[in-house]
Amino acid sequence: MNDRVTPPMHALPDGEAEISLVLRLPWEDVARLGQEAGRLASQMQRPVTLDEAVSNRLRSTRPAAHAKPAGEQPAAVTSTSASVSSLPPRPPADQARQAIERINGSA
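Under this note's numbering, think of the first position of the sequence shown as 11, with each following residue one higher.
It is worth saying that the hints were derived from the structure and are not from the lab.
Treat each hint with caution, since some may be false.
Said to hold, decoys possible - What follows is a list of derived Cβ distance ranges for each label pair:
hint	residue 1	residue 2	range
1	Pro17	Asp39	15 to 23 Å
2	Thr71	Ala51	15 to 23 Å
3	Thr16	Val40	21 to 29 Å
4	Glu62	Pro17	30 to 38 Å
5	Arg34	Arg100	34 to 42 Å
6	Asp104	Gln45	23 to 31 Å
7	Arg100	Leu35	33 to 41 Å
8	Val15	Arg69	22 to 30 Å
9	Gln108	Val40	33 to 41 Å
10	Ala41	Glu111	36 to 44 Å
11	Gln105	Gln55	20 to 28 Å
Don't be surprised by glycine CBs; every beta carbon is placed ideally from N, CA and C.
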C-alpha cells in the first residue's frame, strides 16, 4: 500500500500538464474545498467541480519559498558565454511534453 507510484501525466495543448491523483482528506478539508467551489461558481456564474476548485486554489496560492517563479533562472545560467548559442523559444506544449517525458523516463 505504501509503494510509490508515479501518477500518470499528460501534456495538454495549452502548455499545462494534467496529473491524476487520489487524495485521502479529512471531511473538514473536503468541506473547505466545497466552499471554495461555491465561491468559484458564483464568480464564474456556472457550476464548478471540486477538481476545478483544487486547481484554482493551487494556482492562486503563493509559490513555496523553495520554488522559483516561472522564468527565473539561477545566476550561473543567466550569464551566457560566446561559445553557447541561444536557442529559439519553444512552445509551452513542447516544454511540458519534454518535462513529462523526462519524469516518466521515456526521453
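Problem - In rising order, the numbers of the hints this structure does not comply with - result: 4, 6 and 11
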